[in-house]
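Listed here are the chains, written in short residue letters.
Protein chains: 2
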Amino acid sequence: LKNILIIGAGKSAVFLIEYLLKEAQINNWRVTLADANLSAAEARIKDNSKGKAIQFDVANIDLLNQLIQQQDLVVSMLPAHMHGDVAKACVAYGKHMVTASYVSDTMKSLHEAAKNKGLILLNECGLDPGIDHASAMKIIHEIKAKGGEISSFKSYCGGLVSPESNTNPWGYKFSWNPRNVVLAGQNTAIFLDHKKVQHIPQNRIFTQIEPIKIEGLGHFDGYANRDSLSYIDIYGLQNVNTMLRGTLRQSGYCKAWNALLALGLADDSFIIKNAKQFTYTTLALSFLSATANDLKAAWKELVGKYWDDEVENKLAFLGFFSDEPILLEQGTPAQLLQNLLERKWQLMPEDKDMIVMQHIFEYSLDNKKYRLFSSLEEHGQDQVYTAMAKTVGLPAAIVAKLILTNQLKTSGVVIPTIKEIYNPLLKELESFDVVFKESVETI
Amino acid sequence: LKNILIIGAGKSAVFLIEYLLKEAQINNWRVTLADANLSAAEARIKDNSKGKAIQFDVANIDLLNQLIQQQDLVVSMLPAHMHGDVAKACVAYGKHMVTASYVSDTMKSLHEAAKNKGLILLNECGLDPGIDHASAMKIIHEIKAKGGEISSFKSYCGGLVSPESNTNPWGYKFSWNPRNVVLAGQNTAIFLDHKKVQHIPQNRIFTQIEPIKIEGLGHFDGYANRDSLSYIDIYGLQNVNTMLRGTLRQSGYCKAWNALLALGLADDSFIIKNAKQFTYTTLALSFLSATANDLKAAWKELVGKYWDDEVENKLAFLGFFSDEPILLEQGTPAQLLQNLLERKWQLMPEDKDMIVMQHIFEYSLDNKKYRLFSSLEEHGQDQVYTAMAKTVGLPAAIVAKLILTNQLKTSGVVIPTIKEIYNPLLKELESFDVVFKESVETI
Numbered sequence: 001l002k003n004i005l006i007i008g009a010g011k012s013a014v015f016l017i018e019y020l021l022k023e024a025q026i027n028n029w030r031v032t033l034a035d036a037n038l039s040a041a042e043a044r045i046k047d048n049s050k051g052k053a054i055q056f057d058v059a060n061i062d063l064l065n066q067l068i069q070q071q072d073l074v075v076s077m078l079p080a081h082m083h084g085d086v087a088k089a090c091v092a093y094g095k096h097m098v099t100a101s102y103v104s105d106t107m108k109s110l111h112e113a114a115k116n117k118g119l120i121l122l123n124e125c126g127l128d129p130g131i132d133h134a135s136a137m138k139i140i141h142e143i144k145a146k147g148g149e150i151s152s153f154k155s156y157c158g159g160l161v162s163p164e165s166n167t168n169p170w171g172y173k174f175s176w177n178p179r180n181v182v183l184a185g186q187n188t189a190i191f192l193d194h195k196k197v198q199h200i201p202q203n204r205i206f207t208q209i210e211p212i213k214i215e216g217l218g219h220f221d222g223y224a225n226r227d228s229l230s231y232i233d234i235y236g237l238q239n240v241n242t243m244l245r246g247t248l249r250q251s252g253y254c255k256a257w258n259a260l261l262a263l264g265l266a267d268d269s270f271i272i273k274n275a276k277q278f279t280y281t282t283l284a285l286s287f288l289s290a291t292a293n294d295l296k297a298a299w300k301e302l303v304g305k306y307w308d309d310e311v312e313n314k315l316a317f318l319g320f321f322s323d324e325p326i327l328l329e330q331g332t333p334a335q336l337l338q339n340l341l342e343r344k345w346q347l348m349p350e351d352k353d354m355i356v357m358q359h360i361f362e363y364s365l366d367n368k369k370y371r372l373f374s375s376l377e378e379h380g381q382d383q384v385y386t387a388m389a390k391t392v393g394l395p396a397a398i399v400a401k402l403i404l405t406n407q408l409k410t411s412g413v414v415i416p417t418i419k420e421i422y423n424p425l426l427k428e429l430e431s432f433d434v435v436f437k438e439s440v441e442t443i
Numbered sequence: 001l002k003n004i005l006i007i008g009a010g011k012s013a014v015f016l017i018e019y020l021l022k023e024a025q026i027n028n029w030r031v032t033l034a035d036a037n038l039s040a041a042e043a044r045i046k047d048n049s050k051g052k053a054i055q056f057d058v059a060n061i062d063l064l065n066q067l068i069q070q071q072d073l074v075v076s077m078l079p080a081h082m083h084g085d086v087a088k089a090c091v092a093y094g095k096h097m098v099t100a101s102y103v104s105d106t107m108k109s110l111h112e113a114a115k116n117k118g119l120i121l122l123n124e125c126g127l128d129p130g131i132d133h134a135s136a137m138k139i140i141h142e143i144k145a146k147g148g149e150i151s152s153f154k155s156y157c158g159g160l161v162s163p164e165s166n167t168n169p170w171g172y173k174f175s176w177n178p179r180n181v182v183l184a185g186q187n188t189a190i191f192l193d194h195k196k197v198q199h200i201p202q203n204r205i206f207t208q209i210e211p212i213k214i215e216g217l218g219h220f221d222g223y224a225n226r227d228s229l230s231y232i233d234i235y236g237l238q239n240v241n242t243m244l245r246g247t248l249r250q251s252g253y254c255k256a257w258n259a260l261l262a263l264g265l266a267d268d269s270f271i272i273k274n275a276k277q278f279t280y281t282t283l284a285l286s287f288l289s290a291t292a293n294d295l296k297a298a299w300k301e302l303v304g305k306y307w308d309d310e311v312e313n314k315l316a317f318l319g320f321f322s323d324e325p326i327l328l329e330q331g332t333p334a335q336l337l338q339n340l341l342e343r344k345w346q347l348m349p350e351d352k353d354m355i356v357m358q359h360i361f362e363y364s365l366d367n368k369k370y371r372l373f374s375s376l377e378e379h380g381q382d383q384v385y386t387a388m389a390k391t392v393g394l395p396a397a398i399v400a401k402l403i404l405t406n407q408l409k410t411s412g413v414v415i416p417t418i419k420e421i422y423n424p425l426l427k428e429l430e431s432f433d434v435v436f437k438e439s440v441e442t443i
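Quick note, the sequences are listed as chains E and H, same order. Here the working numbering is used: position 369 in the first sequence is 369, and no number is missing along the way. Here the working numbering is used: position 27 in the second sequence is 27, and no number is missing along the way.
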């Protein structure tokens, strides 16, 4: 009998919970699902005899410690900055832990203590990070095993909307945390391009994009993500000339998002009080000048060469040229923008989201040069059973099973870049139709 | 016998300390000067029989409490975020306090407690904030007393370099904290312009400038500061159509600073490791593209219409086109830029700095409309006796004397916007040749 604690019953945990409840029936495990919202947790457990829903306040450290003592493994789907206390308790009481979040400094500091106790603290085991690591490392190891030398690695991933549900000019609806979408690209991106370290500051991330074509799906914008350099060592690609991780959006999205950014509408550093004194039109005008009356003309002049009819059309769809009312009493510009986008970019009950991931490798082997594309395309079923929830949740759930069935020898703080994790993980993901397609061309 | 504690013996405290030591001789006070650097404090006290230098660690709360118990008044010249513990101790032990910093939330929360004990917690009593409040409020009250109605208030202040020491193309040398200069304008500016609330995001603050001409000194750039709206209530200007507080730089400075900002060189959010792999030329190129080799051409294309020969000349002076070496092992782009500027913009021993402040009022009186200019121009003596230290330190010192000689009736958290403070303050500043010149024109 094994005990599993899942913390967090939100959107992205749907598949994770179902998978572990099913495995619990097979293996005679007990699953405790903890969430601040008890009825949300109960709705996920339903009448599964192996599951139990409880109410949980992460600030209640006593309850946390008490709960964790009773487990064999803890899956934390909390926001990343909340994993620290859970991880400390797991190490203190000798329990394994699984998350889909980036390795934090707190997590890193627990590596030796976890190793000494033979515990696994598995992180970055969702979609991005997660499936990207596993699928990229499998190819990297295969190319190296054949004697190949990788010179370039680029990897893009996007949480998008499936073509049949693509009903707005942005080609975008929210399948995950809207706040993260609004604040995306607010850090300088760092990557390696033809042996040169490159920086793109926040005000240019959405204009310095790369057009990406994916067979059968069409054209996308790829924009650079935060610090790609740190993955050179993690992926063992010390001789690479180009190393870039990025995000995918429908072609044209970035140009229009740039117009919002250039105006200042994604600023999260100050609060606009009495926000209802503005409409979205007059709010936008307040970022131009007191003499500007024609928003379209003034905005166009500001944005310059990055303005076109499609940008205008996307901004019109959001209501910027039709005095769309502001519904919040106050908020930062980013919060006011998010509130608008949540109305305009809502994933409706029957809507299907879509995940697209593409790795592009360049390597030389036997004096020939190759370009290898490895692509994943995953479509959601509806507003609840999203491709996002599936690809974020299943990897964590699958590796939790691998740990509980004693199939892993590793210990300490790990991510799914090692063979003993990525091989069984990718294999089981295939049984859920999460499959990468590969194509190779000579260059 | 009164006891005064001055915390902080840094650059901007020179005049403050001398003033209070002199007053101590006259009034038989004792001055304790506390600083982390004991010899710096001793150098300021010299052999003054009324002064004593002590070493001080602000983190040592026990010592802080013990020290404050012995005082009648505490002047804190610490960085703004460190005033909180000092203020709490002052209120606990019934002591007055004076700072040159903006009122913090912690400070605000002590208002009632201070009032109940008849204590004064005087803040914003330096140059800007400080002299600006006092001088503006005197004029506002005078216009109102005559029955005038103020429709527009703009106020600019700059810590600059005196014409005879103006030896570099930027027209700028550091007379105060270089870090604050590098990070200036990294918040959205908010102000009122012809009855409209206006926002300028950080990436446009140095291009949306106002040209300011000051008699006898020439042309300046005025750029908008943070939140000007909050001063509408503080100054009692509820019927004003325009309200703007800004910073002055030599004409042309802002255009060139914009080029640094647009590139991303003032970013303080990530650390560049192995910074010495770059020169300032290749660092700048890393913010363009891997194919860019001609920095000047690529930078010019990026900046577009805000590039001109003067911008190019200023950037050349900093070494951007001559492979100036980077001397720090690592740092954020802002830290690397600051390190360069500290070499290039150093105030030399015989250099004279300059303070310029200008208020511009528009008001109507007896059916006529007027524009009133009130300007302050102050020149430093050398690298130590700067106009900055004089205008920041003297107001705090003078009001400290007013408090200790029982000339103020007010209590609680106050700033120098009230008559019983600004009248004697401005009067005594005149005896130090800190004098505003006024001119009025009809409009």
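Hints in this document: simulated from the structure, not taken from any laboratory. Any given hint could be a false lead.
Identical chains share a label here; the pair holds if one copy fits it or two copies do between them.
Here are the simulated lysine to aspartate or glutamate pairs, EDC-like style, with alpha carbons at most 16 angstroms apart [claimed, not checked]: (1) K50 <-> E18; (2) K46 <-> E215; (3) K273 <-> D233; (4) K273 <-> D227; (5) K300 <-> D227; (6) K144 <-> D47; (7) K146 <-> D47; (8) K196 <-> D294.
This structure is a prediction, so every number in the text was calculated from the model and none was measured.
These are the hints, each one checked on the structure:
1. Taking identical chains as interchangeable, the C-alpha atoms of K50 and E18 lie at most 16 angstroms apart only when both belong to the same chain, with a minimum of 11 angstroms there against 78 angstroms between chains.
2. For the identical chains of this complex, K46 and E215 are neighbours neither inside a copy (40 angstroms) nor across copies (79 angstroms), given an alpha-carbon limit of 16 angstroms.
3. With identical chains, the CA atoms of K273 and D233 are at most 16 angstroms apart between copies only, with a shortest distance of 15 angstroms across copies and 46 angstroms within one.
4. Only between protomers do K273 and D227 lie at most 16 angstroms apart by alpha-carbon distance; the minimum there is 12 angstroms, versus 35 angstroms within a single protomer.
5. For the identical chains of this complex, K300 and D227 are neighbours neither inside a copy (32 angstroms) nor across copies (27 angstroms), given an alpha-carbon limit of 16 angstroms.
6. Proximity of K144 to D47 under the C-alpha cut-off of 16 angstroms is found in neither arrangement, the shortest distances being 49 angstroms within a copy and 75 angstroms between copies.
7. Proximity of K146 to D47 under the C-alpha cut-off of 16 angstroms is found in neither arrangement, the shortest distances being 51 angstroms within a copy and 80 angstroms between copies.
8. For a Cα distance limit of 16 angstroms, the shortest separation of K196 from D294 across copies, 15 angstroms, qualifies, whereas the shortest one inside one copy, 43 angstroms, does not.
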